[in-house]
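2 protein chains.
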Amino acid sequence: MSLIVQKYGGTSVADVDRIRNVAARVAEIQKQGHQVVVCVSAMSGETNKLDALAREISGNAEPNPREFDALLSTGEQKTIALLAMAIQALGVPARSFTGGQMGMETDSSHTRARIQRIQTDRLRAHLDEGAVCVIAGFQGVDSGGNITTLGRGGSDTSAVAVAAALGADVCEIYTDVDGVYTADPRVAENARKLSKISFEEMLELASLGAKVLQTRSVKFAMRYAVPLHVRSSFKSDDGTWIVPEEDVMERLVVSGVTSNVNEAKIRLRNVPDQPGIAVRVFTPLGEAGIVVDMIVQNFANDGTTDMTFTVPRADYARALAIAQQVGEALNCAAVEGDDQIAKVSIVGLGMKDHAGVATRMFDVLATENINIQMISTSEIKISVVIEEERAEVAVRALHAALVDEAPASPGA
Amino acid sequence: MSLIVQKYGGTSVADVDRIRNVAARVAEIQKQGHQVVVCVSAMSGETNKLDALAREISGNAEPNPREFDALLSTGEQKTIALLAMAIQALGVPARSFTGGQMGMETDSSHTRARIQRIQTDRLRAHLDEGAVCVIAGFQGVDSGGNITTLGRGGSDTSAVAVAAALGADVCEIYTDVDGVYTADPRVAENARKLSKISFEEMLELASLGAKVLQTRSVKFAMRYAVPLHVRSSFKSDDGTWIVPEEDVMERLVVSGVTSNVNEAKIRLRNVPDQPGIAVRVFTPLGEAGIVVDMIVQNFANDGTTDMTFTVPRADYARALAIAQQVGEALNCAAVEGDDQIAKVSIVGLGMKDHAGVATRMFDVLATENINIQMISTSEIKISVVIEEERAEVAVRALHAALVDEAPASPGA
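For the record, the sequence lines run as chains Z and F. Position in the first sequence (first residue = 1) + 1 = our numbering. Position in the second sequence (first residue = 1) + 1 = our numbering.
Please note: incorrect hints may appear among the correct ones.
Which copy? The list can't say, so a pair holds if one copy fits it or any two copies do.
[Unchecked claim] For lysine to any residue, the following SDA-like pairs were computed, each having C-alpha atoms within a straight-line distance of at most 20 Å:
| id | residue 1 | residue 2 |
| --- | --- | --- |
| 1 | Lys212 | Glu393 |
| 2 | Lys50 | Ala15 |
| 3 | Lys50 | Ala62 |
| 4 | Lys50 | Arg21 |
| 5 | Lys220 | Asp294 |
| 6 | Lys50 | Asp16 |
| 7 | Lys32 | Asp129 |
| 8 | Lys50 | Val17 |
No wet-lab data here; the hints were simulated from the structure.
Working from the sequences, and respecting the hints, build out all of it.
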């Protein structure tokens with residue numbers, strides 16, 4: 002008997018028929034003798050509808066965060082009640098739990114609360130009685146009993162956190178794709194599904210824009226060593242297992258190629274090359290809530306340097322205006338921006354042991370006559386910024402050269 | 002400074018504009034220096050939508066009552082969050098409370114829970130800090146933290162119960178009519194709005210089909226002497242105050258004429274006139290969940306009697322089938338039914354002191370050539386069953402003779 006935590010996203014519970022499908026899958030697992038906790042999101046479209054209502058009613062004001070959370074949390078509550086009914090209609094005992102009812106305690110940062118701890122007694126008691134526990138993702142309560150939500154990717158995080166707290170054997174993430182691919186199959190036709198990938202690689206892929214899992218939930222799973230299994234809610238085949246590095250047998254040098262077109266770059270030219278300049282540039286951006294991703298600073302020349310950084314494309318106009326103010330104050334030669342860029346990355350555990358992967362990457366791009374504007378690396382990742390319109394060509398070429406043709410390296 | 006509890010029904014919060022209207026009204030009262038608790042229902046249509054989803058997903062099975070409550074309670078939760086946002090957008094502090102958050106403790110009878118007690122500390126603390134408390138009607142939690150709902154008329158009951166627990170100065174019930182009328186104005190053109198009416202009269206009117214307030218909430222208000230004020234959410238005029246009998250100065254002999262066409266009658270002819278017969282007739286109806294309203298038994302004749310009773314029209318077919326089985330077992334001469342009936346009633350505190358009101362009523366009906374099929378009386382009410390198609394004529398004639406022309410009796 003295993004204890005399995007399953008998480009179904011909004012598209013998997015979008016309507017009555019799909020909720021019935023999920024119920025059938027859950028009932029089957031439970032009848033095989035496993036204990037099952039099912040974590041669900043709001044039915045797809047529901048959260049957007051509630052969000053729109055909140056904005057409409059608040060007029061020009063920002064909706065109050067506490068009330069916004071109280072409103073949004075109704076979406077998941079609706080799903081848990083309906084799914085519990087559907088499971089019961091199949092003759093399997095089931096019980097729904099809101100964030101508060103399941104003991105999901107968070108801090109009081111409304112709309113982006115952090116999980117403090119999970120009181121699992123109640124869930125465990127019902128599991129031991131043979132009931133399926135249907136829990137609301139994305140929501141919790143603070144110590145004052147106020148409803149909170151966890152922000153983007155919250156439902157994945159809820160599922161992983163509950164799996165960790167219960168010591169579950171696996172946390173299955175059901176989604177509309179059937180696993181993690183070496184590249185977007187719509188771009189690179191030879192892209193293939195990975196049967197296993199390490200937490201570290203998944204973390205890089207997730208933060209680089211692979212939408213299959215949210216970064217935050219992968220971090221959580223890694224910290225508590227909860228095996229994740231990403232799979233399709235419409236098929237029964239295995240998807241991709243995300244596991245500790247030592248459990249990945251076939252270590253690909255490059256296990257994934259991604260591209261992300263949600264960033265823009267800004268350059269300050271001829272910034273004085275002296276201590277404290279970076280602080281003066283990035284403090285006002287941080288204060289404006291703008292998250293800076295890559296930062297590149299050239300070698301100084303004549304006492305000045307160029308500083309280039311990327312920001313989310315949605316914040317581009319605001320960031321550029323701030324940079325221009327800073328640039329004036331610092332007597333920069335110019336402040337320029339470009340929002341037609343793509344960040345293309347390769348990720349792989351095997352890069353740790355293989356020198357020369359970066360060179361190989363730059364070589365592939367040069368062969369395709371693609372100019373590299375910025376470079377950023379980590380132990381298991383290399384990202385480059387290039388022109389947006391060359392992104393797909395770059396992904397295809399890098400996948401062909403570094404994934405398709407490369408041999409696997411031996412497991413650790 | 003007064004403490005005012007206001008209750009708005011589903012039509013008053015049906016969309017964003019109407020919620021804004023409610024917010025404006027609440028903000029105005031609060032700015033006058035009063036403390037305000039606002040109790041709201043689900044946006045109109047919402048509960049029906051959720052109910053339909055529950056039935057669809059449960060297939061032939063009855064939706065699980067615990068999950069049904071968890072589902073329905075999202076309707077009110079949505080409204081409280083939106084209303085609190087709307088009030089805040091007007092610069093007035095406001096805070097929403099679900100049933101659980103506001104300390105509404107009930108028993109565990111899902112879908113028809115009874116209120117056990119209300120822990121008002123939290124509401125009181127926020128009122129004392131100057132915030133408007135926006136509370137979800139219709140819902141509570143049991144001692145195990147499960148979400149419960151109060152059943153029909155639950156939101157009115159929530160409002161009254163909170164008003165009682167807080168010792169509020171008044172509980173205002175906002176609705177789409179502007180008060181309690183002496184008769185349905187669409188039927189009796191001289192019908193007028195009552196400025197005051199006693200709890201006892203309102204209770205009779207409510208149980209006779211006046212839809213402005215649910216019987217249960219009036220009982221609650223009477224028990225705890227909470228003054229009710231029924232008024233329109235679209236106008237600012239005073240509506241009707243519902244108060245203890247001793248506070249009604251102008252005691253009308255007849256303060257209301259109602260008609261109810263939601264019943265059907267069933268007659269068992271020549272039932273043996275012996276002890277235990279009524280039990281044999283009504284026990285199977287009770288077991289089938291059918292509520293019998295009026296019961297009339299004639300004087301015995303030749304050792305047999307006729308027994309006639311009324312049931313909700315929706316239960317007529319089932320009730321008739323049961324009555325026919327009972328009739329056969331008892332060797333009745335016949336079992337007959339009629340669902341084209343109306344129950345027309347007159348209600349008034351003054352009837353206590355005025356003899357002859359019944360005679361006057363029968364006289365008016367006789368003049369209109371309306372045949373009385375059944376009669377039932379209480380201290381402050383007389384009901385008659387007549388042909389359905391004569392109901393409006395009866396109401397008009399009774400209103401003209403007993404309300405329009407009658408003098409008020411002196412207050413107690």
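Structure-based check of all given hints:
1. Lys212 to Glu393: Intra 17 Å, inter 66 Å, cutoff 20 Å: intra-copy only.
2. Lys50 to Ala15: Close inside one copy (13 Å) and across copies (15 Å); limit 20 Å.
3. Lys50 to Ala62: Answer is within: at 18 Å inside a copy they meet the 20 Å cutoff, but 30 Å across does not.
4. Lys50 to Arg21: For Lys50 and Arg21, only the inter-copy Cα distance (18 Å) is at most 20 Å; the intra-copy one is 23 Å.
5. Lys220 to Asp294: Cα proximity of Lys220 and Asp294: one copy only (18 Å, versus 64 Å across).
6. Lys50 to Asp16: Classified as both: same-chain Cα gap 15 Å, cross-chain 13 Å, threshold 20 Å.
7. Lys32 to Asp129: within (14 Å within a copy, 54 Å between copies)
8. Lys50 to Val17: both (18 Å within a copy, 13 Å between copies)
Of the hints listed earlier, there is not a single one the structure fails to meet.
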